[in-house]
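S.K.: Given next are the chains, with one letter for each unit.
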Amino acid sequence: MELGPVFRALIHNRARFLLITLEVALTLAIVVNCINMVLDLRGKVLRPSGYDEANLLVVTLEPFAPAYNDTEYLHSARQRDLERLRAFPGVRAATAVSAVPLSGGGSASGRKVEGAKGDSVPAPYFEVSDQAIDTFGVKLVAGRNFEPGEHRDWFDADGEEHDRPAIVSQKFADKLFPNGDALGKRITNSKGLSSDIIVGIVETMFNSWPQADSISGHAMLLPGRPEDKRFILYMVRAEPGARAAVQKGIEDTLLKIDSGRIVRVRTLEEVKARTYGSELGLIKILSGVVILLVAVTAFGIVGLTSFSVNQRRRQIGTRRALGATRQDILRYFLLENWLVTGSGLALGLGLAWALNYTLVRMTTVVGASAAVPKLDWGLLAGGMVLLWVSGLLAALAPALRATRVAPVVATRTV
Amino acid sequence: MLAYHLRIAAKSLRRTPVLSALLVVGIALGIAVSTAFVAAYHTVAKDPIPSKSDKLFYVTLDSWNPERPWDDDHPKDPPNQLTYRDAVSLMASTIPTRHTAMFKTELTVFPTTREERPFRARTRVTFRDFFGLFDAPFQYGGEWGKDADAAPQAVVVLDHETNQKLFGGRNSVGKQVRIEDRNFTVTGVLAPWYPKPKYYDPHNDSFETPEEIYVPFRWTLPMKFVTSGNTSGWKSYGPDFEDKLESESVWVQFWAELDNARQRETYESWLAGYVGEQKKLGRFARPLNNRLWDVKAWLDWVQIVPRSTKTMLVISLLFLVVSSVNLIGILLGKFLARSPEVGVRRALGASRRHVFLQHLLECELVGLLGGAVGVLAALPLLHGIERLTRSPDDPQLLQLELPILAAGIVLALIAGLVAGIYPAWRICRIPPAAHLKAQ
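Heads up: the sequence lines are chains A and B, in that order. Under our numbering, the first sequence has 251 at position 251, and the numbering climbs by one with no breaks. Under our numbering, the second sequence has 171 at position 171, and the numbering climbs by one with no breaks.
For the record, the hints were derived by calculation from the structure and aren't laboratory data. Glycine included, every Cβ here is placed at the ideal spot set by N, Cα and C. Some hints could be false.
As the list claims (entries may be wrong) - Not close to chain B: a few residues of chain A, all C-beta gaps over 12 Å, as computed:
| hint | residue |
| --- | --- |
| 1 | Leu39 |
| 2 | Ala87 |
| 3 | Leu183 |
| 4 | Lys229 |
| 5 | Leu396 |
Said to hold, decoys possible - Not close to chain A: a few residues of chain B, all C-beta gaps over 10 Å, as computed:
| hint | residue |
| --- | --- |
| 6 | Gly238 |
| 7 | Pro239 |
| 8 | Ala272 |
| 9 | Gly276 |
| 10 | Pro403 |
What the hints assert, rightly or not - Taking lysine to aspartate or glutamate and the EDC-like style, the derived pairs with C-alpha atoms no more than 16 Å apart in a straight line are:
| hint | chain 1 | residue 1 | chain 2 | residue 2 |
| --- | --- | --- | --- | --- |
| 11 | B | Lys235 | B | Glu67 |
| 12 | B | Lys235 | A | Glu161 |
| 13 | B | Lys224 | A | Glu83 |
| 14 | B | Lys46 | B | Glu401 |
| 15 | A | Lys171 | A | Asp181 |
| 16 | A | Lys229 | B | Asp240 |
| 17 | A | Lys284 | A | Glu62 |
| 18 | B | Lys279 | B | Glu248 |
| 19 | B | Lys235 | A | Glu160 |
| 20 | B | Lys224 | A | Asp328 |
| 21 | A | Lys139 | A | Glu62 |
| 22 | B | Lys310 | A | Glu279 |
| 23 | A | Lys117 | B | Glu180 |
| 24 | A | Lys229 | B | Glu386 |
| 25 | B | Lys196 | B | Glu401 |
| 26 | B | Lys224 | B | Asp243 |
| 27 | B | Lys235 | A | Glu53 |
| 28 | A | Lys139 | A | Asp228 |
| 29 | A | Lys229 | B | Asp181 |
| 30 | B | Lys198 | B | Asp300 |
| 31 | A | Lys256 | A | Asp119 |
| 32 | B | Lys235 | B | Asp62 |
| 33 | B | Lys279 | B | Asp62 |
| 34 | A | Lys175 | A | Glu203 |
| 35 | B | Lys196 | B | Glu106 |
| 36 | B | Lys244 | A | Asp228 |
| 37 | A | Lys229 | B | Glu106 |
| 38 | A | Lys171 | A | Asp158 |
| 39 | B | Lys196 | B | Glu67 |
| 40 | B | Lys244 | A | Asp158 |
Using the sequences and the hints given, assemble the complete structure.
M.R.: So, in structure tokens, the structure goes:
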């Protein structure tokens, strides 16, 4: 029985139903695109960086005492600091670094396979003192760790470094040596003047710029004695559960050793959250938009179904008087709702795709991946189910009210 | 007549308070969301210095590697900064009204009181023209003299905050500040100043506040200043500080103020002449590619507007469309439910025009109320966006300016009008007789 009358009633009130169809379609388009971006951003923020993020602390020292202008003093001061840090209760390992992973600021040079033609690829690197691998918590999967004697100055008088050992991330090794034979190979800068030998490979190790997709996961550790006297950087790995106590304690310890410097201790998670600040914010904003939008559309459907019911009280009464059950009435309004949301969702598929296309186009920059990923079908299907269910729930209350219209209404004139 | 229509409209809204509140809240949501994101977009995309954005030029020269362009994806682009030696050479020109080479560094400042710990101050190393170029407002004193641009003199300009920190906000002109290993004399204190974006040096953080202290460029060599911005190089150099200053690495920014086309042409040919001379010395092996970027072109080049801000602008405007469509649907229902009453009014002589206008006015009333509530709600929303996307120690960036606020209200009125036309048209075409018969 149902479809015919429902359909004819829709045609009769086409303007209102078209509006809801349009609203549902637009909502689907926006919601699916927002969820798409949220999932993409979450995936980026949550992907494993290789570091023991939960237990790592970042120490920034900004010395202002003139003694630090002397490079030898700088090195001995750092050695003293590291010894004290390593002796601190709850500290598992500590190392000096030239830049902080995931921080958004660091250094990169260029490297290519020795003798290869063409340009070098960007090679983000960290110059580190001993204990770097253990401090970071990265997993050495091939080759060896640095040896104590290798933490020295490597630059020769010509301003180049020669055959300096390097531990690289698997991804960077694969980029340079797709055949998987990176270990023991020599890599050079584009002119072939500076060179490193790959002595070890670690599984996953992010560089300082986690958002730079083109060099994501490319990183290189070089043994040395970081020389920047403006910023002395240490990474400290705490035993599980000891991070908070260590963070509190080491600031005082470092100031007690020498007060001629500004000391700041942050967790790596804080550093990462700051780097990802806009992504984390955007995730919340987009989620908020989705919730608000679904709510607005649901209200629209509540309103529409209510009017639909109110307008047809007499008709419902007549049907009830002629023997229609309450289930029949409920089925009628839910079917009407399904038809309207259904056509809205169908139209929304096209709109969602169009909006996605526009956003991808708008945010694509030459040389970088788009800020908005392409839609996939699973997500579209998920969005449709979400709106279908929301629409159904929104229509349920007014439709149930319709079932309570008494048959006697049919006999009243007004 | 208008007053009468308004009274009827208000009465009609009051008669169904819950529904009217829903209508207003619905449109207010759309207005709040779109106004907040329009404001956010406006903050980052607007002209930061409208009075002279077409007269200020960021200068770039292509001194890069002959074998490879600066940017592989945009091979025609020159490097985004200058070498130290070129920047210093360009200062010799007398053509620009004002000009400055500059970069950012961090220096340790020692407060006069023993209790305060020394702190690292974000520092701009620059020439005296900086302040005039970018209309930096002075609270006390002014920029240093011309002689401090010629040879190093221990003079410094403080920003408002730093003067608060060091001197409690008092006029500190003539007072001494210990910076690194020597005492500097304060020549000026800036009034609060926060150009958005930080167009004169947008790299690293485009929306941070200007630097805390300003010192003469000539100190770069004697005090061995190291940039805290980006350095890019393609040619190695020796280990000494002087080697870096003579190197091909780019790390210095350069701005010139050119008031008219003639001045600009003269300057362009002067630059071409300079690069020509350098070519004879074996530098600048790439094709001649001197560029003068005005503020707008410069900000476009550095892609100042975050991609997420553009995305959110589109999404928020679509949100407004959805809430408007929602409004049409509910208004239509509300009006049609009133058909019998309108039928009676029509039968009693109300013209179609009057019925139409009265209902449209009711929609505009909803739009106006929704707009007012919406822009009010946009304020906390904008605050929320700021809280969510920036860290708590960043300065307050986003603000709801009056024009954007007004635009929010106008947008609401347009939404009310657009949403109201169809329902009002439908209701004014109710035949007077139909509903009388039913009664």
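S.K.: It remains to establish, for every hint, whether it holds in the given structure.
M.R.: Hints and how they fare:
Once the 12 Å rule is applied to beta carbons, Leu39(A) is consistent with being away from chain B; the minimum gap is 15 Å. Every Cβ of chain B is farther than 12 Å from the Cβ of Ala87(A); the closest lies at roughly 26 Å, confirming the non-interface assignment. Here Leu183(A) stays apart from chain B, with its beta-carbon at least about 28 Å from theirs, past the 12 Å limit. A Cβ of chain B approaches the Cβ of Lys229(A) within 12 Å, the least distance being about 9 Å, so the stated non-interface status is violated.
No Cβ of chain B approaches the Cβ of Leu396(A) within 12 Å, the least distance being about 18 Å, so the stated non-interface status holds. Distance check on Gly238(B): its Cβ comes as close as 6 Å (rounded) to a Cβ of chain A, failing to clear the 10 Å threshold; non-interface status is violated. Against chain A, the non-interface label of Pro239(B) is violated: not every CB pair exceeds 10 Å, the least being about 6 Å. Non-interface status of Ala272(B) relative to chain A is upheld: no Cβ of that chain comes within 10 Å, the nearest being about 28 Å off.
Listed as a non-interface residue, Gly276(B) keeps its Cβ farther than 10 Å from every Cβ of chain A; the least gap is roughly 27 Å. With 10 Å as the threshold on Cβ separation, the claim that Pro403(B) sits away from chain A holds: the shortest Cβ distance comes to roughly 23 Å. As the CA atoms of Lys235(B) and Glu67(B) are separated by approximately 11 Å, the hinted pair is consistent with the 16 Å bound. Distance restraint check for Lys235(B) and Glu161(A): the Cα-Cα separation of roughly 14 Å lies within the 16 Å cut-off, and the hinted pair is therefore satisfied.
Restraint check: the Cα-Cα separation between Lys224(B) and Glu83(A) comes to about 31 Å, which exceeds 16 Å; the hinted pair is violated. Note on Lys46(B) and Glu401(B): the hinted pairing holds, with a Cα-Cα distance of about 12 Å set against a maximum of 16 Å. Of the pairs offered as hints, the one joining Lys171(A) and Asp181(A) holds, with about 13 Å between alpha carbons and a cut-off of 16 Å not exceeded. Annotation: proposed proximity of Lys229(A) to Asp240(B) holds, straight-line Cα distance about 15 Å (limit 16 Å).
This hinted pair does not check out: Lys284(A) and Glu62(A) have alpha carbons roughly 35 Å apart, beyond 16 Å. Of the pairs offered as hints, the one joining Lys279(B) and Glu248(B) holds, with about 14 Å between alpha carbons and a cut-off of 16 Å not exceeded. Between Lys235(B) and Glu160(A) the CA atoms are separated by roughly 11 Å; this keeps the pair inside 16 Å, and the hint holds. Distance restraint check for Lys224(B) and Asp328(A): the Cα-Cα separation of roughly 87 Å exceeds the 16 Å cut-off, and the hinted pair is therefore not satisfied.
With a C-alpha separation of about 31 Å, the suggested pairing of Lys139(A) with Glu62(A) is violated against the 16 Å cut-off. Restraint check for Lys310(B) and Glu279(A): satisfied, since their Cα atoms lie roughly 14 Å apart, inside the 16 Å limit. In summary, the hint linking Lys117(A) to Glu180(B) is not supported, as the alpha carbons are separated by about 47 Å, beyond the 16 Å threshold. Simply put, Lys229(A) and Glu386(B) have alpha-carbon atoms about 35 Å apart, too far for the 16 Å limit, and the pair is violated.
In summary, the hint linking Lys196(B) to Glu401(B) is supported, as the alpha carbons are separated by about 13 Å, within the 16 Å threshold. At roughly 12 Å between alpha-carbon atoms, Lys224(B) and Asp243(B) fall within 16 Å of each other, so this suggested pair holds. The hinted pair formed by Lys235(B) and Glu53(A) fails the criterion: a straight-line CA distance of about 36 Å is larger than 16 Å. Using a Cα cut-off of 16 Å, the hinted pair Lys139(A) and Asp228(A) is violated, with the two alpha carbons roughly 28 Å apart.
A C-alpha spacing of about 15 Å is found between Lys229(A) and Asp181(B), which places the hinted pair at or below 16 Å, so the restraint holds. A distance of roughly 13 Å separates the Cα atoms of Lys198(B) and Asp300(B); the hinted pair therefore holds under the 16 Å criterion. Under the criterion of a C-alpha separation no larger than 16 Å, the hint pairing Lys256(A) with Asp119(A) is inconsistent with the structure, at around 49 Å. A hinted pair counts as satisfied when its Cα atoms are at most 16 Å apart, and Lys235(B) with Asp62(B) qualifies at roughly 14 Å.
Annotation: proposed proximity of Lys279(B) to Asp62(B) holds, straight-line Cα distance about 11 Å (limit 16 Å). Note on Lys175(A) and Glu203(A): the hinted pairing holds, with a Cα-Cα distance of about 14 Å set against a maximum of 16 Å. The straight-line distance between the Cα atoms of Lys196(B) and Glu106(B) is roughly 21 Å, outside the 16 Å bound, and the hint therefore fails. For the given pair, Lys244(B) sits about 15 Å from Asp228(A) by alpha-carbon distance, which is consistent with the 16 Å threshold.
The straight-line distance between the Cα atoms of Lys229(A) and Glu106(B) is roughly 12 Å, inside the 16 Å bound, and the hint therefore holds. Proposed proximity of Lys171(A) and Asp158(A) is contradicted: the alpha carbons are some 31 Å apart, above 16 Å. Between Lys196(B) and Glu67(B), the direct Cα distance comes to roughly 37 Å. Violation of the 16 Å bound is thereby established for this hinted pair. Restraint check for Lys244(B) and Asp158(A): the C-alpha separation of about 14 Å stays at or below 16 Å, so the hint holds.
Violated hints, listed in ascending order, are 4, 6, 7, 13, 17, 20, 21, 23, 24, 27, 28, 31, 35, 38 and 39; each of the other numbered hints is respected by the structure.
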